[in-house]
Each structure stands twice: as C-alpha cells, then as structure tokens.
Amino acid sequence: MNDVATKLQVKRLSVGYGDRIVQHDVSFNVATGSIFAIMGGSGCGKSTVLRALIGLLRPSAGSICFGPEDYWSATEERRTEIGRGFGVLFQSGALWSSMTAAQNVALPLQMFTKLDSTTIDALVQLKLSLVGLDVGRDSMPASLSGGMVKRVGLARALSLEPDMLFLDEPSAGLDPISAKRLDDLILDLCHGFGVTVVLVSHDLESLLHICDDGIFLDATTHTAIAHGAPKAMRAGCDNPIVHAFMNREKPAVEGASHGG
Amino acid sequence: MVSLEGDWLVGDTYVDRGVSRLLHDNARPSGIGFDTHGLGHWDSTLLVFLSQLRQASAQYKIDFDETGLPSSTRRLLDLLPVQEVLAAPDIHKSSIAESVGVRIIGVWAEVIAVTTLVGETTLATASVLRGRTRMRSMDLLTCMQEAGLEALAIVTVVNVLIGAILAFVGAIELQRFGAAVYVANLVGIAVVREMAAVMTAIVMSGRTGGAYAAQIATMQGSEEIDALSSFGIPLLDYLILTRVLALVSMMPILYLYGSAVGILGGFVVAVAMLNVSATIFMTQVAGAVSVTEVCFGLAKSIAFGSLIAIASCRVGLKAGRSAADVGRAATKAVVVGIVGVIALDAVFAVCANTLDF
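In order, the protein sequences belong to chains L and Z. Residue 124 in the working numbering is what sits at position 121 of the first sequence, and the numbering runs on without skipping anything. Residue 234 in the working numbering is what sits at position 57 of the second sequence, and the numbering runs on without skipping anything.
These aren't lab readings, by the way, just hints derived from the structure by calculation. Among the clues, some could well be false.
Straight-line alpha carbon distances no greater than 20 Å define the calculated SDA-like cross-link-like pairs of lysine to any residue that follow [to be verified]:
{"hint": "1", "chain 1": "L", "residue 1": "Lys117", "chain 2": "Z", "residue 2": "Pro258"}
{"hint": "2", "chain 1": "Z", "residue 1": "Lys238", "chain 2": "Z", "residue 2": "Pro258"}
{"hint": "3", "chain 1": "Z", "residue 1": "Lys270", "chain 2": "L", "residue 2": "Trp99"}
{"hint": "4", "chain 1": "L", "residue 1": "Lys117", "chain 2": "Z", "residue 2": "Leu253"}
{"hint": "5", "chain 1": "L", "residue 1": "Lys117", "chain 2": "Z", "residue 2": "Gly308"}
{"hint": "6", "chain 1": "Z", "residue 1": "Lys495", "chain 2": "L", "residue 2": "Gly21"}
{"hint": "7", "chain 1": "L", "residue 1": "Lys117", "chain 2": "Z", "residue 2": "Arg313"}
{"hint": "8", "chain 1": "Z", "residue 1": "Lys495", "chain 2": "Z", "residue 2": "Thr292"}
{"hint": "9", "chain 1": "L", "residue 1": "Lys117", "chain 2": "Z", "residue 2": "Lys270"}
{"hint": "10", "chain 1": "Z", "residue 1": "Lys495", "chain 2": "L", "residue 2": "Trp99"}
{"hint": "11", "chain 1": "Z", "residue 1": "Lys495", "chain 2": "L", "residue 2": "Leu60"}
{"hint": "12", "chain 1": "L", "residue 1": "Lys253", "chain 2": "Z", "residue 2": "Leu253"}
{"hint": "13", "chain 1": "L", "residue 1": "Lys117", "chain 2": "Z", "residue 2": "Pro411"}
{"hint": "14", "chain 1": "L", "residue 1": "Lys234", "chain 2": "L", "residue 2": "Asn32"}
{"hint": "15", "chain 1": "Z", "residue 1": "Lys270", "chain 2": "L", "residue 2": "Ser95"}
Stretches of chain L that chain Z covers, calculated by requiring three or more beta carbons in the stretch to come under 8 Å of a beta carbon on chain Z [to be verified]:
{"hint": "16", "stretch": "55-64"}
{"hint": "17", "stretch": "85-92"}
{"hint": "18", "stretch": "97-109"}
For each residue, glycine too, the CB sits at the ideal point set by N, CA and C.
Put together the whole structure using the sequences plus the hints.
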C-alpha cells in the first residue's frame, strides 16, 4: 500500500504514558486528500494517538511516516520542519489567551514568514472570513463563544497553508447546528485547499457526514478493531462493539468500550 | 416476604439494620419477596439496602424475587452489579531502595533540565543582544510593565517601612551613646547593601514569580503550550525569554528605587523623631554608602531576578493540567523563589566576606 497517494503511514504504533499502554499495534494509511477518522468511545486513547501523530508524545513502539520519512527517527530540527506542514485544531481550541483572535492567526505567520504586516493582515482577514468569523476578530478568546473559538482555532491551523490538518474532536461541545456548520466548513476547506485531514471524533453524525476512511480503537483490547469508512462500518461490521457504536446501541457483549 | 414501609431517605438511621438479621441467622428463608404497599418516599438509602440484600442472597443461594418492588426501583437496581466489584490488586510494590533510586534519578534529571534551561536562556539572551530573536517586543513590553511599573506601589510601601523600622531599631541603641546621628549610616548601609535587594526580590517572588508560574501552568491546562509546540514555536523565545528579560531588566531599577525610598523612610524617622538635622543625615548617608555597595546591590538584584524568573517558569512548565495543579505551581514558585533568594543572598554574603568588601 506504499503508493504515491499515501500521505501518512502508521505501522504497529504503540502509545502510552509511562508503563501504561493506551493503544498498541495500531496500523493505518491515510490517502492524500482524504478525511480520515480515528474513532472510538470516550477514553479509548484516540487523542493520545493523535498526540503521537503531531509530535507531542513519543510513541513507545512503531513508526509514523509522512511520505517516505519516518517522523520519530528524524532529528528534532527535521521534526519541527515536517511539523510546519501540519495544522492542528485542539479539542478546547487552545487559542493563546493573551492575544486577540486575529493575533492568534497572525502569530505563526509573524514567527515563520518574512511577510510584511500588511500582507499578514490580509492573510489573517482572509482566513477568518473563510471560517466565517465576521465579528469578534479583535476580541480576546475568553469573550468568544465555543463555536467561534473552534473557528478561530481552525483559521489558525490553516495559517501556514498546511498540507495536513489534525482535528481533535472538532464538534465536541457545540450545538447540532454549529457542529453541522463546522463539518461543512471542514469539507469545503479540505476539498478547496486539497488538505489531508485526520480527525479524532466520537460524534456519529459528523463521522458519517464527512469521513472517507477510518479506524476504530477499542478501550478494552487497547488496539484497533476495525478499519474502513464510517458509512461502511455502520452498514455492516461484524464486530459487535463497532456495530453498537455506529448504530448507537448498547453493546451485546459485556465489558465493551466504556470508560472515562 | 419483606415488607417495606415508611420513608427511606438519607439521614435516617443507617439501613444495614435488616440484612444481617434477615439472612445471617440460622433460620434462613429459601426466598425473598417484597411487599411495598406501605412504602413512602425513598432515595439511594433504599437501594443500598436492597443491593446488600441481593448480594447476601446470592452468597447464601437464596432466591431473590424483585417483582414486588416498584418498577423505578427495579430499573435502578438493574444498574448495580450483583457481585461486589473487587478492586484490582496493586501488583507492583516498590521497595525502599527502588523508590530512593527513582527519587535520585528524578532529582538528577531536574538538575539537568534546570541547567539546560539556564544555558539556553543565556544563549537566547545573547542572541537578543545581537538583535536576532523571534521574541515579540510587544510581549516583552507587557511583561516589563507588569514586573516594573505595576510593582512600584508595593515596593515603595515595603521599602519605606523597612527603612523606618531600621531607623527605629538603631535609634534605641545609638541614642544611649548619644550617637543618634549614626542612624543615617546604619540605614544607608543596611538598605543599600542588603534590605532593598532582598525585600524587593521577596516581594517580586510572591507577586511576579507566582503569577508567571500560574500563567504558564494555566496555558498547560488549556492546551496553549501544545498549540505552540505543534507550530514549532520555541517555548523559550515565546514564553520564557520575555519573562526572564522583563524581570532581570526591572529588578535593578526596582532595587535602586527601593534603596532610595528605604533611605527616605529612615530619613523621616530620623528627622521627625530623633531630631537629626536633614543635612547631617544626608551627609552621613553619602559618606557611608559607596559606589561598591550600590554595585554589589545591583549585582544581587540581577541574580535574584533571573533566579525568580527561571525558577517560576520551570515550575509552570512542569505543572500538571488541572486547576489544582495551577495552585500548586503558584505556591511552589513562591516558596522556591523566596527560599532561593535568601539562600543566594547568603552565598553573596559569604563571597563578599571572603573578598573583603
């Protein structure tokens, strides 16, 4: 499966904190330009896998390759360089609280480009318009609503024109209408810019709506128990836990994925 | 048949009353059923009783028939496990030798981390001086305002009072020898050499050091630090350097200001209460305080400033992600700051004594 169209290749990845293994033996490929979902119940380690992908947590085993290059075997400088091609939207938005929305989007540009302030300003306004933030551009993050914070977070993730976007629970904590709007926005942006998206979520609606492919992580066995598009998983997956999750039922087997 | 009557609410006598009497006696029933005609209001208390009863029935193989219970009670009872859930046994028990070893390795790792941080900050400061940095000047100015201008009031109050107290304490002894005029020398030397630098550092440790640690720890909790790392924005340039430079540049200024107002405090007491003339006081101070003394104080204040700033940034970066961790980080930063300042002052005192000035 190592063809040109593979953007990200994860092989036998194990992640954990100290002695505690959160997920092990996870392998998957993400095709260029696709929206890939990392699914699973709460507390199964989706976000931990994502932290390994974006370079915040060194995996205990396995490899993560962007193109031909193994991310974690590279030097720290090279990792930073590869990481510059990533845009990350954190679960809480994680806007820098001492700056306005516009300054949040501008900071990466000021840090890593030699553009003059007029150009930066134009780019920032464009990104904020793309995500539909018409008011509150000069407000501090604390005075923005949850949906607006996510939008600014998305605009910031797009600030350096990334070729990969990592989204951690983009629709968590949003009302159904805002969540739907954000989903549509992700679809538009990713098709428009040709960005490859890896998305962590347990929001069924958005998974079924936007994802082309995915992987299902289980909290009890600590590994991936299903691969494929969410729609296909819903239509027919032999695994009772995946079936129950995708159809919002109580699992038929005891000890299925539940937890904090 | 168990007949449940009256109200079963939290705050009534504890419910264990029934279970042991019912089942642990020799004459155990073969089955348990319920009659709830007399049951009034109930809450979790009833569920605790029923759950215990059910567990005991399972243990003694007694038929537990819940059909007589109200349907809402049955539904809640279904959520509870029939067998008591056993806590997972703690497999790994470390020996004393192991935990001491882990501690020592931890301390050593911390020493290396702090040394690295100090080294990197020094190198980064050097590149700032050469005009090459990614630090935002706006952030530096904000930090300088917080650590400088906004701290003036408390620095004034503390130092004026310290100067006044020194004058009082000195006056009691000196007046007995008719040497009240030497209060000026006492206040001048004590304030310039020791008190202004140390007191200002202690104030700044509580005020600014605690704030730095809490700010950085909060950023840790709200994923802001992760966001910086994911962009590859160096934490050193963005978070630490601004704070260290702000405090290091403001501390000497605050020290000079603190010395001035400290002497002023002594002056007021000496002139108003000890009848020392203003001119004589000033002449005495000028004679007692040399440039070396001021330089010594300045050097100390710079050292204290870097100590407080680096220690509190390090504490903030090491903090956990919860609200309680922010509190702990702030406390730890203040404690480390104050103890560190006093310990460092002792080192300065020993050095000064050895070098004879």
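Checked hints:
no. : hint                 : in the structure
1   : L:Lys117 to Z:Pro258 : 63 Å, violated
2   : Z:Lys238 to Z:Pro258 : 16 Å, holds
3   : Z:Lys270 to L:Trp99  : 42 Å, violated
4   : L:Lys117 to Z:Leu253 : 64 Å, violated
5   : L:Lys117 to Z:Gly308 : 16 Å, holds
6   : Z:Lys495 to L:Gly21  : 16 Å, holds
7   : L:Lys117 to Z:Arg313 : 14 Å, holds
8   : Z:Lys495 to Z:Thr292 : 15 Å, holds
9   : L:Lys117 to Z:Lys270 : 56 Å, violated
10  : Z:Lys495 to L:Trp99  : 19 Å, holds
11  : Z:Lys495 to L:Leu60  : 15 Å, holds
12  : L:Lys253 to Z:Leu253 : 17 Å, holds
13  : L:Lys117 to Z:Pro411 : 17 Å, holds
14  : L:Lys234 to L:Asn32  : 18 Å, holds
15  : Z:Lys270 to L:Ser95  : 37 Å, violated
16  : 55-64                : holds (count 3)
17  : 85-92                : holds (count 4)
18  : 97-109               : holds (count 5)
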